[in-house]
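Chain R is fixed; fit chains F and X onto it per the hints.
Residue numbers (this note's numbering), protein chains in the order written: chain R, 65 to 435; chain F, 8 to 196; chain X, 64 to 389.
Treat the hints loosely; a few may be bogus.
Said to hold, decoys possible - Once the Cα atoms are required to be at most 30 Å apart in a straight line, the calculated DSS-like pairs of lysine-lysine come out as:
#1 Lys253(R) - Lys274(R)
#2 Lys56(F) - Lys412(R)
#3 Lys274(R) - Lys114(F)
Claimed, not checked - With the C-beta cut set under 8 Å, the calculated list includes, among others, these residues of chain R facing chain X:
#4 Thr260
#5 Asn262
#6 Ile264
It is worth saying that the hints were derived from the structure and are not from the lab. As the structure is a computational prediction, the values presented were derived from the model and not from experiment. Using N, Cα and C, we set each Cβ at its ideal position, and we do this for glycine too.
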Amino acid sequence: MATTKKLQTKTVSVNFGPQHPSMHGVLFVRVELDGELVVHVEPHIGYLHRSMEKIFENSYYNQCIAISDRADYLGGYFNETVIALAAERLMEIEVPPRAEYLRVILMELTRIANHIFYWGNYGQDLGSFWTTALWAWREREMYYDIVEEISGYRQHPNYIRIGGVYKDTTDGWLQKVLDFCDEMEKRLKIYENLVTYNEIFLARSKNVGKITKKWAIDWGITGPLLRCAGVKWDLRKDDPYSVYDQFEFDIPTTRNGDCWDAYRVRMDEITESIKIVRQAVSKIPAGPIRCKLPMLVEPPKGDTYARIEGPRGELGCYLVSDGSKKPYRLKLRAPAFVNLASITEFLKDQLIGDFIALLAIYDPVMGEVDR
Amino acid sequence: MDEQTLKTEEALKSIKSSDFKILEQKINHGFVDLYVDKKEIFKALETLKKNPSLRCNNLHCISGVDYVDHMEVVYHLYSYNLGHKIALKARVTKEDNELASAYPLWKTADWQEREIFEMYGIKFNGHPNLRNLLLTDDFPGYPLRKDFPLANNEEWLLEDTQTAKDYGLPEDLSELLKTNVKNNGEKKS
Amino acid sequence: MVNVVRVLLTGIAVITIALTNVLIVVYLERKVTGHMQWRVSMMRVGKHGVLQPVADALKLMLKEDIVPRKTDRFLFVLAPFLIFVPAYLLFTLIPISPTIYAKNLELGLFFFFAILTVMPIGYILAGWSSNSKYSLIGGLRSAAQQVSYEIPLLLATIGVVMISGSLNLIKIVQEQQGTIFGFIPKWFIFYQPFGFVLFFIGILADLNRSPFDLPEAESEIVAGPFTEYSSMKYGLFLLAEYAALFVMSGMIVIMYFGGWNGPFLPPAVWFFIKTYFVVWFGIWIKATVPRLRIDQLMNLGWKILLPASLLNIMVTGLLILKAGPR
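One chain only, chain R, in its complex shape (with noise of 0.2 Å):
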């Protein structure tokens, strides 16, 4: 006999970010919240952005290559890689093999160490109090002496040129190289053996999120996330590019599509990526490391749109030239950027701790989607 007239609340609107303790750069994301209950996800971005594409109108094609490297500053060399590749194209010269060699092992170690830093992250989202994520950086200080060695930077190589390569190794790089590998396949050991098969671990990931083929399809999503939702897509089997189809590899793939398979996906393709380098370093050939171009190359006229397997999906880079020795138009498809933007769907309905899990996955480098 009482009437139920509803009981009339209101949600609370939180700010996360743009600085906040969680390590995924200046992202602000607005969002309600109803109780415990993620109701409308608002996410803004922009607050790196530093008209790269500006600038790369306005710069020769090297300087291209080394500004490009702050985009995904986790992964330099996927970005220069695939502007050379964009460049080469349209010039339709041949790049000599050892250099095509170096390029994979240097971006299979990339990816390792991308990978790597989002394990050490994503634990550190779920509360497991920084300890994943310093023994991922800990991984990757031993993947930054190996970089340090080959390029003489650590984070922001610039070593990538249009024709090939710019240095040659050092003696004992390529030991250092299998080293490295053997030393990442203990350490995964280690690491799964702590965190995989944890139970709360489990229940935070498992069941948590639902990307299906058919959404994520629609959204324009690539790589990891894909792949966890079933779909079996990975650019350097379906389009090759470079010498990748010399290589024995697997992808692996998923079907659930929650925070658990994108984490399985990861991790996975790290062992991938150790058996392609040490097949690269086995098969590399001796030769010379660059075309001979003049420093200030000019591509002819024309435009084309190359695409590489970034750790974070397809990386691609749509190039306009008009014949002159500075690109008229270069832009650089950044996977982050059309990932994330599906966010304000699937982080809605969600509970705050999976809102955090399931932006864990995304995996975001900020330099990347706002350029």
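Relative to chain R, chains F and X alone:
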């Protein structure tokens, strides 16, 4: 001229002129470039997505380019099943700068079209939320156009209407600016 | 007159012992966590960072004390005290050895947990009065969590009370003297292993420690109910949290690990060794596992731990009945 582009050209022959009119078609480094009139862009995208011999279900990149007398919007499409690579281009001009949005077909057009809007000033009709994405909401001008300068955008310099006296500084600042470093900072031997 | 002096001196002694141990716990937490993360933690201030907690305390005292404008000022200032005072009051109840204690009440155990349950009020008030959404969310989470986990906590202690037959803390320790079969000490953990597990989980949740540190979840809501606190108010929170950790570890040692019983060494030393072992175990858990989500936490507390603790009481009762009077 590899076999994939031949297959794509073969498949493109199945497009009737009632769907949309291809103004120009050429092969461009592995992609098939199609030029369409901007009024038909939505029909073109829809046909390319739904036509059973084309089935381009992946729109992976939308870019804008500013050629000085006109601007172009380039849609790069790919088919997961059949492997077609198509680049669809539409021309707009500064005065006549409206296009239909691809959002109803692919949600991935959301942020990419917003970025083109704020950088080039091309409006997309039918977009749910067309406002600035990377730049501030009140940013003047369209940065990636060719007539926008790279630096020294004077509208953004803050005007300082107070004189030195209002800050408590002397009118002639040269005394303050003298430093104590002698010999241009070289060490005295 | 002498009574007042005696009370004052006892109070000062308790506070001194408490603060010293808390500083050691603060140091241990950072150092142990650091070593588990394959890094050395503090090395500069004093040899191996031993004076770091002192430096941190000084820093906190000298910082600017900011009270945000729109807060409920009285509650804002009151909240740290509501957490600090109970935590340090508990130090008066635990006996370090048969002769060193501040007060030995006949209802020691009962009084202990009665004071412990005042602490959640402080968390709620801190979250509410800060006038910030992060704090409010943190405070509410903390309230829900602490209240739900106190029930299995208290029910688990009933097992110990049934075996020892008394609520007096000294008597509980004395019941654990001697050995079974000659070499296994007669600690209650061997009589009540299940109860120990329940008690330990309840402690971690009551103290807002990992894996139940949802109210202070760093990556989600900055610092939870303490976001707006600065300077010594924040210092009081930290001191209270570590004091509670120490004193609850002491309680675990008294109830389950035999208190001060042990060969060769004086009883007080055994007590501290065992307590620090339990503290180290808590730090180990904090550095290793991620945190639970709020609904999983509540699930665990109400659907799993509560029936388990009731089951524990029943089974203990049956076994006591079967074993006969002791």
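For this session: Quick one: which hint numbers does this structure break? Sort them smallest to largest.
Result: 4
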